[in-house]
Amino acid sequence: MADVIANVEIKGPPAGLEREPLVLNQRGLGWISDAIAGVAEGKTPLWWWIAFVPSVIAMSVMGAMIIYLLSTGVGIWGPGHPVMWGWAIINFVWWIGIGHAGTLISAILFLLRQKWRTSINRAAEAMTIFAVMCAGIFPLIHVGRMWFGWWLFPLPNQNSIWPNFRSPLMWDVFAVSTYFTVSALFWFMGLIPDLAVMRDRSKTKLRKFAYGLFSLGWTGSNRHWRNYEKAYLILAGLSTPLVLSVHSIVSMDFSVSQLPGWHTTIFPPYFVAGAVFSGFGMVLSLLIPLRTILKLEDIITVRHVELMCKVVLATGSIVGYAYAMEFFIAWYSGNPYERYAFINRAMGPYAWGYWVMIGCNVIVPQCFWFKRIRSNMLIVFILSIFVNIGMWFERFVIVVISLHRDFMPSNWGYFKPTWVDITTYMGTFGLFFTLFLLFIRFMPIIAITEVKGVTPQADPHHPLGGAKSGGHH
Amino acid sequence: MSDIFPKWTNRLPLMMITGALLGGTGVTAGVWYYCTNKYANVGYMPVQPVAFSHAIHADQLGMDCRYCHNAVEKSWYSNIPTSTLCMNCHNQVLKDDPKLALVRESAQSGEPIHWVQIHKVPDYVFFNHSVHVNRGLSCVECHGQVNKMDEVHQAKSLNMTFCLDCHRDPAAHLRPLDKITDLDWQPKSEESQRADGAKFMHDWKVESLQNCSTCHR
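Line by line, the protein sequences are chains W and H. With the first letter of the first sequence counted as 1, position 252 gets the number 252 in our numbering; the numbers rise by one all the way through. With the first letter of the second sequence counted as 1, position 10 gets the number 10 in our numbering; the numbers rise by one all the way through.
Simulated from the structure, these hints should not be mistaken for lab results. Note that the Cβ used here is the ideal one computed from N, Cα and C, for glycine as well. Heads up, some of the hints might be wrong.
[Stated by the list, open to error] Result set (DSS-like, lysine-lysine): computed pairs, CA atoms no more than 27 Å apart in a straight line: (1) H/Lys199 - H/Lys188; (2) H/Lys199 - H/Lys74; (3) W/Lys205 - H/Lys7; (4) H/Lys7 - W/Lys203; (5) H/Lys179 - H/Lys148; (6) W/Lys208 - H/Lys7; (7) W/Lys205 - W/Lys43; (8) W/Lys43 - W/Lys295; (9) W/Lys208 - W/Lys452.
[To be verified] Quick list of simulated restraints, FRET-style, between CB atoms: (10) H/Gln48 - W/Thr178: 53 to 59 Å; (11) W/Leu259 - H/Trp76: 35 to 41 Å; (12) H/Trp8 - W/Thr204: 20 to 26 Å; (13) W/Gly63 - H/Lys148: 53 to 59 Å; (14) H/Trp8 - W/Gly42: 31 to 37 Å.
[Unchecked claim] Facing chain H, from chain W, some residues (calculated, C-beta under 10 Å): (15) Arg199; (16) Lys205; (17) Phe209; (18) Gly212; (19) Leu213.
Next comes chain W alone, as it looks inside the complex:
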């Protein structure tokens, strides 16, 4: 065999057309392990405490607001006739939407063999799980009677009552809990080889024990890897439909009703595109500062950021198309209520909200056509924040503007949030960042083993790779 393989020349693409490698500066496998695992080892850096303390404070404020709500009642929130759904549902949909990037990156990009996902999938999946947790709080507390939360599930009870399976709110319960379960499983399974790395690098008994417990006895044997790869593929297949189903069902909370502005068949695809859009916006907002602070620029490269910007551009354009199509249908339907609902969006008392949404969701992503913008980290970071703001306003537009003026002018009103609405929402950021910072501090934030697999060195035909001239790899 030896003489057959020797001196085989591999022809790459012509100069100027090669892709930039996914790990820069020809970093070796040992460097990758040290750089990623090192984040969770050693002394806690100062920046971490500076971020963590305010997060915990904000989370405690959220806890206090929830206690205030449960002890007093929903009257302390803004909603009231005719806007009976306020910030709670807006925040729920917003957080759930953010959660969509994780599964898209880990499942769909995996099935499509997009190797660049390896540098960002771990953090994006963690973001997904924490975002779904933040989202889950709102349906649970929004009626002010949290202790009846178990009525959402079909459990036998002495009242002989059963959830109404014809209600999209019920479908939501199953869609979101399935999504959370599968995302958490996927995340954990992907973590197992890396947790074993952390275990083997551990110096203290406690760390050895904890990482040892969660790495489930991983030794890296051939058999382990075979099972792992198969299971990962199966889970990716299982979670792919979830990327589309969850936000489709969330959109049905609105579109199944008969309110002008909600009663639209375009909602499911439009919501899914918006969810992926906001999810990638949040991934960019999180990872751009992180790659600098943690000195991981060689692993989360400018190319990665650019690729994510392109996803934002694509989904942002779909969202913009959906906004335009809503207006077209409102005109084309000839329905005066439908027409009024949309004229009122753009020119009514909440027009400012509508134009914030258009600015952030339609105009901002169009900047990503330009490579100079895509590769400027500071500008991408700022624009990604606008994406997050815009997507919050999209839900505000849908929920509040549609509700505040329906069929009868005698039924119109103007919604204002209270300080409790605002602090509760701000508090969920506390929860999110507390969890995310703990994740940074204790887990490998990038999939170590997967990144190694996409380095140039891992390619046996690469000059730096395993296949030595005349040898067998």
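With chain W's structure known, arrange chain H on it following the hints.
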């Protein structure tokens, strides 16, 4: 892994699964049995200010329920009679009995006797007595055989399942209107109950109402 985990930890998963199964079953069974109205409310028999015996009045003497609870066919509320109604008979019968001292005093002063309410539904439940008794539902269905009770106690759970069992199948419970207060009445057979119940539902336009707003408004 032996340098991280001692050998006994091999048994840990099995112990945890067994513990969770046993604990879970225990908690479920405990809540199922002890935390329901059937356990918590049935048999509730508070001490009343006057030891009034329904067994003597309704069973031995054969008085109709509606002699005292005379508004039950017209009102949502089945009233407790004033003490003057007791005196219709008791100014002649047992008129000096010390057990009736409070009744006489109340009838004279007009201050009602403080009876303790036994049958309660939550304040978000609207229950109307008249609509039930006028459509062939006997007192016995909810209150049990009060005519056999010396002291009244709660006989049925009165939880929502109890209401729904009947609302989902009224034909099994309806009876002729002249048997409403006959607490000992039994249908001839199950078949006759079915046939009569279906006829009553048709004749009296009884619907199987299961909307939330039927009871919760």
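Notebook entry, point to check: Which of the listed hints are not met by the structure?
Noted result: none
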